[in-house]
Amino acid sequence: MAKSISSIFEESGCLSEKQLTDYLNGRMNESEMHSLEAHIAGCDFCNEALEGLMQVENKEEIPVIIKQIHNQVRRDLKAHRARRKKVKMYVWLSFLVIIILIILLVAFLAEYYAIK
Amino acid sequence: MEPAKSPYYSDGELLEKYRHEHHNGWLGILLDRYLHLIFGVCLKYLKNEEDAKDAAQQICLEVLKTLPRHQVVYFKSWLYQVAKNHCLMELRQSGKMHLLPLSAENEPESVAERDKKTELMEMEIKETHLHQAMEQLNDAQRICVALFYLQNKTYKSVSAETGFSMLQVKSYIQNGKRNLKTIIQRMEEEEQYPHETKKS
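In order, the protein sequences belong to chains E and W.
Just so you know, we're using the working numbering here: the first sequence kicks off at -18 and counts up by one.
Just so you know, we're using the working numbering here: the second sequence kicks off at 88 and counts up by one.
Since the hints were made in silico from the structure, they are not lab data.
Nothing here was measured: the structure is a model prediction, and the numbers come from that model.
Treat the hints with care, since some could be wrong.
To be verified - Partial selection, computed: residues in chain W whose CB lies under 8 Å from chain E:
id, residue
1, F126
2, K134
3, E136
4, A143
5, Q144
6, C147
7, Y167
8, A247
For every residue, glycine included, the Cβ atom is placed at its ideal position computed from N, Cα and C.
So that you can see chain E by itself, here it is in the shape it has in the complex:
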């Protein structure tokens, strides 16, 4: 059935990994293919991603590749968190050392002037 012409400018959410792999592996019916193509006609991000994913030789492997990147990013995130925690700890430690030094200095000066 013909749609209203205004549907040209309808917006839809970005494509999921499953939608993209289903499209690339020919697992979509005509109506699903049309919806996906209508989205990429207006979304540069999805359009360029689809162009890139088309270059993967074995399209069935795309989810595996994404999972690998996901795991690596998680490891990076964890390391980043650990680094931040360490930096925070060093900041507190330095702060504590400075406070102790100030207390010692004040005590020393108090003692010095008391003797004088």
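Following the hints, put chain W in place on chain E, whose structure we already have.
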């Protein structure tokens, strides 16, 4: 609440939570949402699976470092620009790309410009404007846009019917849609300020 056990949040809500709680887990959910698109964009530009994997990973770290310094409103558009710029920078550094002169066509569209356009397109579009605008498209764009949007055909069917290649069909539809937006915006401006537009 722990990010991993959270219900579905919009990009904006996740950004807000990340800014409020400073927990990278929220950003992790956001990046997960677009990881396949980041990898796809990297592969498009770098043309090598291993390079694209590394680049996608680096982009995620770059986002992690730079996001706190930026007031990002539309995460998706911002992320796309970060990913694209990262790839272009890599290509430049490896000498695989010559610098393109900045022109309206190859200059990255800023988020503000995009918002302005979306805002304009969100206004009620008169069907008469669209029909008039369609008349101003070239034949190839008009035929492809009409078959695709009005008859719900897929790229494959449009390609079979018109004899254009799939890539040509894709490009005619995308450019046709973009041109329609521009023509309609011009028509609306002319209607709003008829004298100024004529003078200029």
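Hints broken by the structure, by number, lowest first?
8
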